[in-house]
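Trainee: What follows is each chain in one-letter form.
Protein chains: 10
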Amino acid sequence: MLYQVEMTVNIPQDMEEDTVAGIKAREKAYSQDLQRQGIWRHIWRVAGSYANVSILDCRDNAHLHEVLTALPLYPYMDISVTPLCRHPSSVREGDL
Amino acid sequence: MLYQVEMTVNIPQDMEEDTVAGIKAREKAYSQDLQRQGIWRHIWRVAGSYANVSILDCRDNAHLHEVLTALPLYPYMDISVTPLCRHPSSVREGDL
Amino acid sequence: MLYQVEMTVNIPQDMEEDTVAGIKAREKAYSQDLQRQGIWRHIWRVAGSYANVSILDCRDNAHLHEVLTALPLYPYMDISVTPLCRHPSSVREGDL
Amino acid sequence: MLYQVEMTVNIPQDMEEDTVAGIKAREKAYSQDLQRQGIWRHIWRVAGSYANVSILDCRDNAHLHEVLTALPLYPYMDISVTPLCRHPSSVREGDL
Amino acid sequence: MLYQVEMTVNIPQDMEEDTVAGIKAREKAYSQDLQRQGIWRHIWRVAGSYANVSILDCRDNAHLHEVLTALPLYPYMDISVTPLCRHPSSVREGDL
Amino acid sequence: MLYQVEMTVNIPQDMEEDTVAGIKAREKAYSQDLQRQGIWRHIWRVAGSYANVSILDCRDNAHLHEVLTALPLYPYMDISVTPLCRHPSSVREGDL
Amino acid sequence: MLYQVEMTVNIPQDMEEDTVAGIKAREKAYSQDLQRQGIWRHIWRVAGSYANVSILDCRDNAHLHEVLTALPLYPYMDISVTPLCRHPSSVREGDL
Amino acid sequence: MLYQVEMTVNIPQDMEEDTVAGIKAREKAYSQDLQRQGIWRHIWRVAGSYANVSILDCRDNAHLHEVLTALPLYPYMDISVTPLCRHPSSVREGDL
Amino acid sequence: MLYQVEMTVNIPQDMEEDTVAGIKAREKAYSQDLQRQGIWRHIWRVAGSYANVSILDCRDNAHLHEVLTALPLYPYMDISVTPLCRHPSSVREGDL
Amino acid sequence: MLYQVEMTVNIPQDMEEDTVAGIKAREKAYSQDLQRQGIWRHIWRVAGSYANVSILDCRDNAHLHEVLTALPLYPYMDISVTPLCRHPSSVREGDL
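Protein chains in written order, with full-length UniProt numbering: chain A, 1 to 96; chain P, 1 to 96; chain Y, 1 to 96; chain L, 1 to 96; chain F, 1 to 96; chain S, 1 to 96; chain G, 1 to 96; chain X, 1 to 96; chain V, 1 to 96; chain H, 1 to 96.
Note that these hints are calculated values from the structure, not bench results.
Backbone N, C-alpha and C fix where the C-beta goes; we use that ideal spot for every residue, glycine too.
Zero decoy hints are in this set.
Per label pair, the in silico range of CB-to-CB distance:
1. 9(A) to 17(X): 33 to 39 Å
2. 29(G) to 10(Y): 38 to 44 Å
3. 72(F) to 21(L): 53 to 59 Å
4. 10(S) to 93(G): 33 to 39 Å
5. 29(V) to 93(G): 49 to 55 Å
Chain S residues, not near chain G, derived (Cβ > 12 Å throughout):
6. 8
7. 9
8. 24
9. 28
10. 38
11. 72
12. 76
All chains, please: the whole structure from these sequences, using the hints.
Mentor: In structure tokens:
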């Protein structure tokens with residue numbers, strides 16, 4: 001089941017560079033692992049912003065909550081969730 | 001080049017049913033033609049709304065404008081456009 | 001799977017009284033049928049408004065979309081959807 | 001008498017972990033005690049957010065105020081209150 | 001139990017003058033009757049607007065809903081409701 | 001002359017408890033003194049919030065400004081002012 | 001006593017030209033009469049809009065309400081009112 | 001050429017009292033000097049707020065920018081600018 | 001003197017096609033005439049919208065008002081105006 | 001391909017003056033280099049604000065993202081991006 005998730009990152013300006021680098025490395029590994037599992041279907045950068053538009057494929061709302069709150073950057077993110085479903089005009093078999 | 005486009009449809013309540021059906025049929029054909037050409041990459045329904053979230057792959061801003069303003073439902077849509085680019089954590093080759 | 005749905009009704013002021021009464025009767029029958037099936041778990045009136053706060057239990061986002069767009073009052077409603085999941089502090093077995 | 005209450009939690013990022021854990025433990029105990037008394041009728045997690053949607057059954061507005069301001073997390077919450085009443089289409093005896 | 005209610009009136013510009021006058025006369029009679037019963041405690045005009053700020057004293061949320069939806073001008077009003085309770089600094093015995 | 005004033009209090013979370021208690025005590029004394037003079041006509045708590053809805057009776061805008069800016073909690077308040085006047089339907093002699 | 005008032009005019013597009021011209025002529029006469037009396041202290045056009053920023057000098061809130069609701073264009077205006085008082089840095093004797 | 005400028009002041013709560021007093025004294029001197037030159041035509045206090053509504057008469061947009069950014073309180077202000085022009089109904093020769 | 005102006009066009013859906021075509025032709029001629037005079041410096045289409053972003057070079061606010069209100073599409077436009085001045089980092093001689 | 005970019009700068013008030021001066025000097029050099037390359041087509045100051053309106057000419061969305069995130073002031077900016085295209089009424093050959 002699909003959700004559009006928009007994530008905007010606001011890292012405190014006084015956080016140590018090493019700490020930031022560590023969180024970002026874990027975020028990338030975590031995201032890529034979920035992408036390879038097919039859970040995080042798409043992730044795009046919003047041009048000009050430290051933000052992304054993502055499509056997640058989760059079993060249910062609880063699964064989505066579990067995936068998002070485990071993000072290493074979660075404490076520094078504004079997140080908005082839009083539940084999606086198949087569009088009657090879609091020709092892509094997988095987009096459901 | 002990718003854009004996220006959110007389209008919300010507001011057809012006037014006094015439009016004739018036949019007219020509505022005709023516009024919707026042309027909208028579907030137009031959308032599916034663009035999907036098959038690879039221009040309209042994804043289209044999902046927003047659950048509970050007469051609205052969609054789409055990903056379009058256009059040559060440039062002018063191409064995007066041309067595609068959107070030719071939509072049969074364009075006069076009845078609220079449209080918001082977000083320019084996207086490849087996310088450094090993406091593992092999908094095609095998501096650029 | 002649960003969703004909070006807020007529905008605000010705006011019936012056009014020039015709609016015939018009989019038409020309005022007919023739509024409302026079908027809305028009530030439809031809502032009560034879904035309540036008895038356990039799909040529409042709760043419905044409360046917002047005090048002072050022609051609006052309700054509801055909890056729906058649907059199989060997935062597509063099911064939610066199907067249920068909402070079939071509402072007889074759907075064309076006259078503003079609808080907002082919030083996907084819910086079990087709260088770790090909840091003591092009610094059924095609230096998931 | 002019922003109220004929908006939406007609570008969003010913003011704990012300061014520099015609060016000591018032990019302090020946070022202590023407040024959360026007292027919050028959970030407080031919430032579960034009120035749930036068992038029938039005052040806090042429902043609590044659901046908003047998927048993807050540190051927020052909840054709750055239904056409270058209080059004697060009056062003053063009782064609601066007393067219950068909410070005694071929340072251990074109250075100083076860190078944004079709270080919105082919607083007074084509810086029985087919906088004429090409801091089939092659940094208890095939803096009033 | 002007290003509520004602050006803000007009512008803004010938007011009568012359609014093409015409504016017949018006689019119809020408008022009739023609704024306003026019934027609105028005034030209805031409001032004054034409730035004021036004399038002590039239910040509609042205060043009503044003030046917002047300077048420069050066709051709007052009022054009111055304080056209502058109702059038994060519960062359902063009573064408030066019943067009072068407001070019976071307003072002759074209700075179909076033409078935007079209404080916002082704020083539940084109130086006694087302020088610990090208040091010196092007026094009756095303001096609860 | 002009457003004004004509705006809505007005051008929302010945001011005391012910094014790192015202020016010393018004694019300092020807070022001192023400010024609140026002076027606020028209460030100041031408010032009750034103005035209430036007894038008939039200047040601060042009404043004060044109600046907004047249920048669930050550290051906020052109040054008040055009705056002030058001041059000689060003019062300058063008097064209102066003087067009264068509000070002298071509030072001990074003024075530096076920590078968001079304040080919105082609505083100028084009021086007698087409502088033609090009011091039956092209370094004093095509500096002007 | 002001074003008020004800043006912002007008025008934005010929205011005349012229905014299907015109103016007869018003669019009717020519009022008549023209302024505007026009466027509006028201008030009414031405004032100029034109040035200006036000459038010293039009640040409507042200033043009126044400026046907002047560049048690019050059918051809107052004005054005005055300073056009115058009224059006896060009290062009720063007088064302001066009476067002046068504004070008597071505007072021939074009042075039924076077609078969005079109006080916002082800000083109560084003003086003398087600024088401690090002002091060097092103009094009359095700006096109070 | 002006239003502009004309406006609305007300035008809201010937010011001085012950090014931890015700034016030293018002496019520093020605040022110094023900035024305010026320079027702000028007042030600067031404002032009164034500009035008023036005497038005829039550049040800062042009017043300044044009014046917004047009742048209940050640490051904010052003002054002002055009318056400035058500048059040679060052009062660059063002059064306005066220079067005047068505003070030189071305000072001693074500028075770093076602590078939210079500023080909104082509305083370009084004005086003569087209103088066709090104005091009877092005051094100077095209001096252009 | 002420069003202004004950024006954003007214009008969004010909302011032509012009523014029931015306007016006759018010939019009337020629309022006539023207004024648009026006059027709008028185009030008017031815009032191009034002003035562009036050739038150097039008053040309307042730039043006009044760009046907002047991708048996906050019936051809207052433009054423009055840079056106008058006018059003598060003063062009154063001139064800007066005169067230019068905008070003479071637009072054949074003016075009655076159907078939402079317009080926002082931002083006064084600009086030379087940026088200290090600009091290397092283009094003409095951008096003032 | 002053109003984009004309108006609006007940048008608003010919020011430098012923390014406790015940043016060292018030397019650090020601020022250094023960042024601003026690098027920002028100016030970076031901006032002027034891009035202007036000379038023809039990438040940063042225009043930059044104007046918003047009168048009264050520490051903000052600018054700019055027109056950028058980038059190869060694609062990814063190029064725009066790269067240019068903006070390399071701004072020395074980027075961590076302290078709010079940025080909004082509007083994709084533009086040629087307007088059918090434009091007479092300037094270069095405005096595409």
